[in-house]
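Enquirer: The residues making up each chain are set out below.
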Amino acid sequence: MPRNPEEIVTEGIIEFGTGRESLVQLLTKVNEELSWIPTIAIEAIAKATRISVAEVYSVVSFYSFFSIEPRGRNIVRLCSTISCAMTGQGEILEALMNEFGIELFETTDDGRLTIETTSCIGLCDQAPAMLVNGEPHVKLTPEKACDIVRGLE
Amino acid sequence: MHNISIKINDQGYSIREGSTILEACTEAGIKIPTLCHHSKVNISGNCRICVVEVEGWNTLAIACVTPIIPNMIVRTHSPRVIESRKIVANLLLAAHNCDCMVCDSAGACELQDLAYDFGIDNRSRMFDDLECLEEIDDSSPVLKYDPSKCIMCTRCVKACRDIQGKGIIAVLNRGADMRVGTGVKLLDISDCDGCGECVQICPTGAISDKVSNSVRSWEVEKIRTSCSYCGVGCQLDMWVHDNKLVKVEGADIIPNYGSTCVKGRYGHTFIDSDDRLKTPLIRRNGALVEATWDEAISHITEKIGKIREENGPDVIAGLSSARVTNEENYLFQKMMRAAVGTNNVDHCARLCHASTVAGLAAAFGSGAMTNSIAELEHAKCILVTGSNTTETHPVIATIIKRAVREHGAKLIVIDPRRIDLVDHAALWLRQKNGTDVAWMNGMMNVIISENLQDEAYISERTEDFEAVRKTVESFTPQMVEDITTIPAEKIREAARIFATAEVSSIVYSMGITQHTTGTDNVLSTANLAMLTGNVGKPSSGVNPLRGQNNVQGACDLGALPNVYPGYQKVADPASHEKFEKAWGRKLSKDNGLTVVEIINGLESGKVKGLIIMGENPMVSDPNLNHVEKALESAEFLVVCDIFLTETAEKADVVLPAASFAEKEGTFTNTERRVILLRKFLDAPGEARPDWKIICDLSTSFGYPMSYANPAEIMDEIASVTPIYGGMRHSRIQEIGLQWPCPDEQHPGTMYLHKGEFKRGKGKFHPVDFIPPAELPDAEYPFILSTGRILFHYHTGSMSRRAPALNEYVSGGYAEIHPADVDRLGLADGGPVSISTRRGQIETTVRSTEIVAIGSVFVPFHFAEAAANRLTNDALDPKAKIPELKVAACQVAQVK
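First to last, the sequence lines map onto chains A and B. For the first sequence, the residue numbers in the numbering used here are 164 to 316. For the second sequence, the residue numbers in the numbering used here are 193 to 1087.
Any given hint could turn out to be false.
Unchecked claim - 25 Å max Cα-Cα, derived BS3-like pairs, lysine-lysine:
1. Lys210/A with Lys199/B
2. Lys377/B with Lys210/A
3. Lys821/B with Lys414/B
Stated by the list, open to error - Using C-beta positions, here's what the derived DEER-type ranges look like:
4. Phe319/B with Gly285/A: 52 to 58 Å
5. His433/B with Glu178/A: 58 to 64 Å
6. Asp369/B with Thr304/A: 51 to 57 Å
7. Glu169/A with Asp369/B: 53 to 59 Å
To be verified - Incomplete in silico selection of chain B near chain A, CB under 7 Å:
8. Ile360
9. Ile361
10. Ala362
11. Val363
12. Leu364
13. Asn365
14. Arg366
15. Gly367
16. Thr374
17. Gly375
18. Val376
I should point out that these hints are in silico values taken from the structure, not numbers from a laboratory. Computed from a prediction, not measured in an experiment: that's the story for all the values here. Where a beta carbon is used, it is the ideal one built from N, C-alpha and C, also for glycine.
Work the whole structure out from these sequences, hints included.
Expert: Here is the structure:
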C-alpha cells in the first residue's frame, strides 16, 4: 500500500524544513515515493511552505519528471534527443509499446509500468539510452530494452 | 544615494544611483516601449521589448532591470535596438491571437499599440502564426482568461500575489504549453474572489471582464468617482456609454491605487436595475400607488405637521444614512433639528461604531481612525481584532498583507473565527466570543509585569494610568485563559510582540464594537495603545474600520442625537447657541433618541412619525420580529430610497432617490478623507438626489432650504464645522482631504494626536470584564455571531441586485463546524433551523472549520434568512449599540 501523501509531506518537512527553498525537495520526495504528486500533497506542501497552491503547481508543471497523474511503479524514460533518435530509439519505443501493450505516456493496467520519453540525458556517446527508475541503461537494442523492463518488479 | 552621470542618446544626465536604465530614461523624458514592466509590480524583465544599446557591451541591455553605472553611454533608438524590438514584437504577435477587430481590449491594448508604433501589418510580419492555446477559462463569474492572447508578461501573476496577497494564479507548464492558471482547479472553484486586479493590469485582452459590456475604450467617457460600497472609499473610473455604466476600473490614486474589490468592480450593476424606484408612492387603501412629487411632499407635510401639532416635535424621528453624501446628512439633521425641532436623528452607525465614537472620544477626544490606510503598510506590528478585513475592507487587507510580506510586519489576529488573515499572521488567538476586555487586560498585565510599557509616553502624554495598572493586576495570563480560552503563553507572546515592535497599530471593527461592552472594548484598545506609546505617530494608533461608504461622514455631520456637525455637543450651551444662530431657529436642548430607542419608541408610542432616508432597519437592526411590529405600529412612516426595500414596503410614503451614480457630493472614508462623488448617469424616472428632496421637504415644513449645488452645502458645512473648516469641493477635485482641516490653507491631517491628544492628555479608563448579556445554556447551547461577507453589502439592497455577486453567493447560510454538523445529523449544503429566544430562521449549512465547535456564524445580508431575527437587542449602556456579535442559539434539523 502506498503511504498517505500527507504523511510523506510531514516527513519531508522534518527533513527539509518549510522554507521556499525546500519546495523542490519536498515535491521530489513525494514524486519518488508515489511516482506522482497528488493534489492533496500539493495542498499540504503549499500550506506548510506558505507558497500558494498555484505557485506550487507551477513548479510541478514546469518539471517534466514531476507528474500530477498517477503513474506506474516503474518509469521508463527513453531518450528522444538527436543521438538516440538516430541510433534506433524509434524501434526501441515501438518494441516496448508492443511488448507491454501501452502507448507512450500511458501506464499498464496493473500499475507496474509507465513509458515516457525524455530530452537528452547526456549519454549520447553510448546511444541509444534510457532511464529506468532513474538508473541509466545504454547501447540499447529493442530486445535488450524489453529484457530490462521485463525484469522489473 | 547620490546622483551619477550617464549619457543617453549623446545627451548628459545626472540620475539617482540605483535607478534602472528605464527609470533614467523616463526621468530624461525619453520613451522606451515596455510590456511586462508595470510600476505596481516587481520587475520581471522577460519580454525584452525595452532593450537598449550600451556602449562597450556585447549584448543589448534590458532597460527595466539593468541599473545605471557611472559614465554609461546608452542608445535607446539605434538601428540595432529598433531591429531587436521589432523582432520581439513580431515574435509576440506570431504567438498572439490577433483578433483586434472584435477584441474588447482594442484601443486599450499595449501589444496593439506596439504593433502600431512599429508599423507591423499583416504583410510585414516576420514570422508565421504559431498555434495558440485555445482553451479559455471562463468559469469565473466575473472574468475570463484566453491563453491565445496571453503574452506571458506575468503581470497578473504578480498583481495577484504581490498587490492582492492572494497568489491564486501562476504560470503553468512550459514552452508552447505555458498559460496562466490556478493549477489544480478552474477559476470558479479556486479561491479567486474576483477582485479583478489581474484584469486591470493585463496589457492585452488575455484576462478580461465578463461583466463589462462590449464597448471599446474610445467610445466611452471615463468619470472618476468614489465607490458606493465599503468605507475604504476606493476611487473608481466609471466608463460610461450612452447613459450606461459599461465598465469600472480602480483609479491609480490614493487610497486604493488602482485596486478595488469584486463589489467595487463588478457590483455596480444594481444602478440600472429594472426595479429602481422611479416615482413617489403613497399608500392608499393599503397599497402603495404612484403619485407626483407635489402630492407626496404635501402629504408628508400634512401628516408630520399634524402629529407634531398634536404631540410636539419629539414624537417625530429621523434615520439618516451612512450611504448618502455628507451634504445630505448635514441637511437631513438640519431639517430634523431646525425644521421639525427635535434631536431625534440617528443612523445605522449606532449599530456599528457608536461604541467607537463614545470610547475613543472619551480616551483621545476624537472617535475616528487615528491613522491613515496607507500608513498600515509600514507598521511593524498590526493587531487585527474583530475585523474580517479581507471580506469587509478588501483593499485594506491587501495593505496589511503587504506589510507582512514586503516589510516584515508581525500580524497578530485575535478573532473567534479562522479568518483569511490568519494565513498571514505570526500569531492567531481564538478568544471565546465577547471576552475581549479580558484578553486586552491580560496583554496589559503581561506588558506591565515584564516592564515593556512606554513610561515616558505614559507620564508625558496621558493621565489616570494608575487606575488601569490596578485593574489589570488581577488579569494574569492564567486567569485570562480561563475566561477567554486563549492559552496563557499565547497572551504573553502577543503582548511581547505588540509592546516591543517599533510601531504597533490596532485595527478593529465590529467584533469589538457590537457588544453590550462595546465601549469598554474600545476603551481597552485605547488603553493598550497608550500603554505602549502607540498613538500620535505614523503607522501606529487605534484604527476602527468604518463599514459603509459614508458612515464616517454621517457621524461627522451630526446625524447623531447628541451632537451637531463636527461632534459639537447638543448639551453644550455654547454649541447650542452657535447652531441656533447659524440656522436661525430655536433648537431643542435635549439629546434625541438613538436608533434602537426610536424603534422601541414606535411600539410604546413615544415616537409616532418616522422619516427614513436610505436605511433598511427591517434587515439591519437587531431583533427583527420586534422591529417589524414597531414599524407597523408607526402612525406615519416615510422612506426615501433607491429600491422598494423591506422597510420601504412598510412605508406610508416612499420617495425615489438618486443613487450615488446620479448625484454629486462628498463621502468621508474610514481614514477621515473627504472624497468627491461625481455624477456619471442620469437618474431614472423622477428619482431625485436626496439633498434636493430634503430641501423641498424642509421648505414645505416651513423652514426654507435652497442650494444651487452640493458644493454650496459644503461651504455652509465648513462655516459651522471646525474639523471641516477647510473643506471645499474645489480643493478635492484630485485627491481628498483628511479632517481635521480647520481652514482653507490647511493640508489636512494624516494622523491624529501628534504631540498632544485632541482632549489634551490621553485618558486611561480602567475597564473590568463583564460577560455578554446572553450566554449559551442547556436550552440554547450554541454561540451565534453575525457579520458580513465579501460578496454582499449591508442589507443586500444593492449587492443582491448585482448578478455577478449573486453568482458567488446567492443566499444566506450558517457556518457550522463539521464536528457539530455530524453530531446534529446535518449535511453540508442542507437545511438547518437556527433559533434564539427572539426568533427562528431556516437557512443552509456551510460546514467549515472557520468557526469553532459550538459556534455558529450567520451573515446578515439576507432578508429571507435574516440573521437579525435572531440577534439580541440588549444595549451597551453608554453607546446604545446592540450586542449583534453574541447570542445564544439552538441549531437543529429542519422538521
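Enquirer: It remains to establish, for every hint, whether it holds in the given structure.
Expert: Here's how the hints hold up against the structure:
| no. | hint | in the structure |
| --- | --- | --- |
| 1 | Lys210/A with Lys199/B | violated, 49 Å |
| 2 | Lys377/B with Lys210/A | holds, 16 Å |
| 3 | Lys821/B with Lys414/B | violated, 46 Å |
| 4 | Phe319/B with Gly285/A: 52 to 58 Å | violated, 32 Å |
| 5 | His433/B with Glu178/A: 58 to 64 Å | holds, 59 Å |
| 6 | Asp369/B with Thr304/A: 51 to 57 Å | violated, 33 Å |
| 7 | Glu169/A with Asp369/B: 53 to 59 Å | violated, 29 Å |
| 8 | Ile360 | holds, 6 Å |
| 9 | Ile361 | holds, 5 Å |
| 10 | Ala362 | holds, 4 Å |
| 11 | Val363 | holds, 6 Å |
| 12 | Leu364 | holds, 5 Å |
| 13 | Asn365 | holds, 5 Å |
| 14 | Arg366 | holds, 5 Å |
| 15 | Gly367 | violated, 10 Å |
| 16 | Thr374 | holds, 5 Å |
| 17 | Gly375 | holds, 3 Å |
| 18 | Val376 | holds, 5 Å |
Checked against the numbered hints listed earlier, the structure breaks hints 1, 3, 4, 6, 7 and 15; every other hint is satisfied.
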